[in-house]
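*Asks:* With the hints as extra help, turn the sequences into a complete structure.
In order, the protein sequence lines correspond to chains A and B.
Mapping to our numbering: the first sequence position 316 is 319, numbers consecutive.
Mapping to our numbering: the second sequence position 226 is 232, numbers consecutive.
Don't take each hint at face value.
[What the hints assert, rightly or not] Here are the simulated EDC-like pairs of lysine to aspartate or glutamate, each with C-alpha atoms no more than 16 Å apart in a straight line:
no.	chain 1	residue 1	chain 2	residue 2
1	A	LYS167	B	ASP434
2	B	LYS475	B	ASP434
3	A	LYS238	A	ASP225
4	B	LYS109	B	ASP46
5	B	LYS489	A	ASP180
6	B	LYS516	B	ASP530
[To be verified] Ranges of calculated distance between the beta carbons of each label pair, as one might list FRET restraints:
no.	chain 1	residue 1	chain 2	residue 2	range
7	A	LYS192	B	GLN44	40 to 48 Å
8	A	LEU145	B	PRO480	32 to 40 Å
9	A	GLN294	B	ASP544	35 to 43 Å
10	A	GLN49	B	THR121	51 to 59 Å
11	B	THR220	A	GLN294	27 to 35 Å
12	A	ALA57	B	PRO480	28 to 36 Å
13	A	TRP188	B	ILE39	52 to 60 Å
14	B	LYS613	A	LYS192	49 to 57 Å
15	B	VAL56	A	LEU190	41 to 49 Å
16	A	TRP188	B	VAL56	27 to 35 Å
17	A	GLN294	B	GLY219	24 to 32 Å
18	A	ILE25	B	LYS174	51 to 59 Å
19	B	GLN44	A	SER189	39 to 47 Å
20	A	GLN294	B	PRO217	40 to 48 Å
None of these hints come from the bench; they were simulated from the model.
We put the CB at the ideal spot given by N, CA and C, even for glycine.
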Amino acid sequence: MITYIVRRTLYMLPLLIIVSLISFLLIYIMPGDYLTRAQMNPQVTQETLAQMRAAYGLDQSVLVQYWLWLKQIILHGNFGMSFETMRPVFWTLFMGGRLMWTIIVSLTTMLLTWMISIPLGIYSATHQYKPSDHTLTFFGFLGLSIPNFFFALVLLWLLVAVFKVGNHGLGVGGLFDNRFIAAPWSLAKFGNLLWHIWPAWLVIGTSGMAGLIRYMRGSLLDTLSLQYVQTARAKGLPERTVIYKHAVRNAINPLVSMLGMSLPGLVSGSLITAIVLNLPTVERAFFSALQMQDQYVIMGGLLFFSLFLLLGNLIADILLAWVDPRIRYS
Amino acid sequence: MKKTVLVLLGLLLVFSALAIAQGYETMPADAKIIPLGQADTPYADAQPGVRGGIFYCATISNPKKWNDVTAHETSTTQYTGLMLEGLISTNPVTVAIEPELAKSWDVSEDGLTITFHLRQGLKWSDGEPFTADDVIFSFNDLYLNEDVETDTRDILVLPDDSYPVVTKIDDYTVQVTTSVVFRPILNSMGANILPKHALAQYVHKLNPDVPVGTFNSAWGLDTDPSELVGMGPFIVESYTPDQNVTMRRNPYYYHYDPNGVQLPYFDKYVVLTVASQDVSLLKFRNGELDALGIRAADVPILKSEEAQKGFTVLVNPDLPNYGTSWIGINEDIGLAEGTHDNERALFRTRDFRAALAHLVDKQAIIDSLYNGLAVPQWSPVSYLSPFYAGRDYYGGPVTEKDAVIFEYSLDKAAELLDGIGIVDRDGDGWRDYEDGTRVEIELNTNAGNTVREGICLIVADRAAKIGLKLNFVPVDFNTLVNKLFASTGELIILGLTGGPEPNNGANVYKSDGGLHFWHYSAADNPTEVEKKIDELLDAGVSTLDNDKAFEIYKEYQITLAKDDLGLVYTVNSAFTYAYYNKVGNGNLSSPVATPGGGGLADICYFK
Numbered sequence: 004m005i006t007y008i009v010r011r012t013l014y015m016l017p018l019l020i021i022v023s024l025i026s027f028l029l030i031y032i033m034p035g036d037y038l039t040r041a042q043m044n045p046q047v048t049q050e051t052l053a054q055m056r057a058a059y060g061l062d063q064s065v066l067v068q069y070w071l072w073l074k075q076i077i078l079h080g081n082f083g084m085s086f087e088t089m090r091p092v093f094w095t096l097f098m099g100g101r102l103m104w105t106i107i108v109s110l111t112t113m114l115l116t117w118m119i120s121i122p123l124g125i126y127s128a129t130h131q132y133k134p135s136d137h138t139l140t141f142f143g144f145l146g147l148s149i150p151n152f153f154f155a156l157v158l159l160w161l162l163v164a165v166f167k168v169g170n171h172g173l174g175v176g177g178l179f180d181n182r183f184i185a186a187p188w189s190l191a192k193f194g195n196l197l198w199h200i201w202p203a204w205l206v207i208g209t210s211g212m213a214g215l216i217r218y219m220r221g222s223l224l225d226t227l228s229l230q231y232v233q234t235a236r237a238k239g240l241p242e243r244t245v246i247y248k249h250a251v252r253n254a255i256n257p258l259v260s261m262l263g264m265s266l267p268g269l270v271s272g273s274l275i276t277a278i279v280l281n282l283p284t285v286e287r288a289f290f291s292a293l294q295m296q297d298q299y300v301i302m303g304g305l306l307f308f309s310l311f312l313l314l315g316n317l318i319a320d321i322l323l324a325w326v327d328p329r330i331r332y333s
Numbered sequence: 007m008k009k010t011v012l013v014l015l016g017l018l019l020v021f022s023a024l025a026i027a028q029g030y031e032t033m034p035a036d037a038k039i040i041p042l043g044q045a046d047t048p049y050a051d052a053q054p055g056v057r058g059g060i061f062y063c064a065t066i067s068n069p070k071k072w073n074d075v076t077a078h079e080t081s082t083t084q085y086t087g088l089m090l091e092g093l094i095s096t097n098p099v100t101v102a103i104e105p106e107l108a109k110s111w112d113v114s115e116d117g118l119t120i121t122f123h124l125r126q127g128l129k130w131s132d133g134e135p136f137t138a139d140d141v142i143f144s145f146n147d148l149y150l151n152e153d154v155e156t157d158t159r160d161i162l163v164l165p166d167d168s169y170p171v172v173t174k175i176d177d178y179t180v181q182v183t184t185s186v187v188f189r190p191i192l193n194s195m196g197a198n199i200l201p202k203h204a205l206a207q208y209v210h211k212l213n214p215d216v217p218v219g220t221f222n223s224a225w226g227l228d229t230d231p232s233e234l235v236g237m238g239p240f241i242v243e244s245y246t247p248d249q250n251v252t253m254r255r256n257p258y259y260y261h262y263d264p265n266g267v268q269l270p271y272f273d274k275y276v277v278l279t280v281a282s283q284d285v286s287l288l289k290f291r292n293g294e295l296d297a298l299g300i301r302a303a304d305v306p307i308l309k310s311e312e313a314q315k316g317f318t319v320l321v322n323p324d325l326p327n328y329g330t331s332w333i334g335i336n337e338d339i340g341l342a343e344g345t346h347d348n349e350r351a352l353f354r355t356r357d358f359r360a361a362l363a364h365l366v367d368k369q370a371i372i373d374s375l376y377n378g379l380a381v382p383q384w385s386p387v388s389y390l391s392p393f394y395a396g397r398d399y400y401g402g403p404v405t406e407k408d409a410v411i412f413e414y415s416l417d418k419a420a421e422l423l424d425g426i427g428i429v430d431r432d433g434d435g436w437r438d439y440e441d442g443t444r445v446e447i448e449l450n451t452n453a454g455n456t457v458r459e460g461i462c463l464i465v466a467d468r469a470a471k472i473g474l475k476l477n478f479v480p481v482d483f484n485t486l487v488n489k490l491f492a493s494t495g496e497l498i499i500l501g502l503t504g505g506p507e508p509n510n511g512a513n514v515y516k517s518d519g520g521l522h523f524w525h526y527s528a529a530d531n532p533t534e535v536e537k538k539i540d541e542l543l544d545a546g547v548s549t550l551d552n553d554k555a556f557e558i559y560k561e562y563q564i565t566l567a568k569d570d571l572g573l574v575y576t577v578n579s580a581f582t583y584a585y586y587n588k589v590g591n592g593n594l595s596s597p598v599a600t601p602g603g604g605g606l607a608d609i610c611y612f613k
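*Replies:* Below you can see the structure in the form of structure tokens.
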């Protein structure tokens, strides 16, 4: 198993290099560059633009730029500078606790989604084709089909225009109300954080619940039709024990590997919600780099997301082997 | 022993707290008094206020750095502009030039030397004295230093490609000498002054221990805010990405109100970073923001809540924002490739461009795309500029008596096209060139800008009514800019930023300008009209007499609008703003200055 993990980890390196080359070429193919906006400024002369282009190395050919960037990484572990902030790319992406907030928001949302979806999936499967099954499925799909940005905006609008939370001194969007922004941590501040974070749980959570409920439902239904479940029932075991001790434990296997696969979703996958709800996330920093064509920050972000994707896959495989004794890697 | 240490530590804390809180002991003799509420001043409609409170406003993007010299965009300069001041400034109400760090200046007889007399006894926000050395440092070691990456250098360059020479006469006198008379230099000398004592260490020229270019990354977002020093009303105190920037009062700010109260009135000035304008609108309605720049589309909903929630929605359909919005007609289309001969000949015909100008249904654009909150535009100079040709005299009232108006008229457009032989030759309803091929022109704008896309649709629709085929194709912004600079676009709808100084458009309107994108070949072979424009622009900067310059720029604007027509102007959005009534002096808001836009930040207060 250990050699397997080491081998998989080593495979990641060439893969990441290929990803980086393709990404670099794609950024190059994108029309314009970081200085395109400055070009439209009447006060900036062509000489200044040419100077800046040379200073940023944008006057070189794409392969030379890529090679210089790669060389810096190999020799100095330097992933380049952001043109905008003149600071290292990962600092620009992660500064001010963005990485921490991203993980806090995603992890709590994921936990909640799983804690709600799995029981609902089980309930749905055990009440197949009953009205309650249809109702759950309906609401699950409703959450899936409402666009996140729209849901988030409607939610904020409801809070402001209908419930008028402003009259109670409560704010919307962001992490804290104005009065808590600079205040030291306290119970009140933590409570305020919860007030600001629940819309994110609701918006991101509902979009992922339908999938999980259906997976759990389908998987459990498959299991319930297996012979060992019939055997268990025939032995006269109570239905509760049959479902939870025998069926669910096997039915949950595919979902455990899904858990690993959702690792990349922890750092990416909530961009639109983060923009509307004004949450500080790595993805927003990446998105604004994309808009400004701050190319090394884009590269840094892509590598970071790719790494999480690869790690997520690896963890999914490991988890699968761990929960299912039939699977062995060599 | 332990006790003594503790006592000493305690004392140290008390003293350091005092050091932070202290300001001037008495009002400096050279303080700048803002005549709030005094008749016959620009501030007659304002009130002296009281100190205290935290002001909240919002912006779309994060700052990129705290370095004003190397900053390119407003997401950074909205903060650095509050931290710093220049020798002179523009009055937030009248836009006239007025003394700032310099209390006065003299211009020599020949107009080549300006002597600035600095205010004395002023201090930087950290308590260090402000002197002529800071001015010399800012110009000679930063703006005019080739190692420093700054676009301010581009507004300091003189017509003969030299730069002004800035010299120190004594601690409070600075002299600027130019090789030729250059009217805008006074304005350019208003560039922000930076603290030598805090920044000299990053400049290779002054501190050879640091590599060349170190200054370009000085004062970044990772700099401890306590190191940031300024002369402006507020200094950055803390920054949380995607959340907010908090600025604190500068204890040594030198603006005072008529009652001798030191400005700014607000204790803190907080700018929330809100990426979505829909959400900032909600936050304003929720009472979380004290003021907000709003879109025309937001006006109806805010108006309906105005009385109930106690805020004011400022809507002035006659007061457009800075900037221009236009259809560019590429007179060089296909020149390099030897193609598009028909189009090129057509685009180079003045009457075709005039016909196009008659096709811009400005009223329809204003009504359907701007909720009525925009004004027709005809001049390259912004409406708010004292040099705007619609004014009666320099800085005078706008009467538009000399405006060049191409009123919306299908008949006139059709007549002009008929006159140049662009008529329907095969009876298919579309106009053709002389050789019988159909006139078919591509009209581009940047995809996603719904207003510009709407303008394209309206213009193409009106053109179709007289048989002129315009095909609207939206393209990505960067692709569009590339098309513009490579001269491969046909008709392009875009906009440019503007300001009070007409010469800032020289790069666009001069025949050899870097942004003369509708006719780059004019650099080698300008038309008679373009030669005249070049001459007028040169004349406009070589007189120091503003009234004389006004007449020159008036002729320049009329010539451009009537005869050149390389750009056909569309409309300009009107100023819209909202603030809670508790914000005193918010009524002075204009496109030039708002409480949340910085310009009024020091004189607004909570009632």
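*Asks:* Determine which of the earlier numbered hints do not hold for this structure and return their numbers in increasing order.
*Replies:* 1, 3, 4, 5, 10, 13, 14, 15, 20
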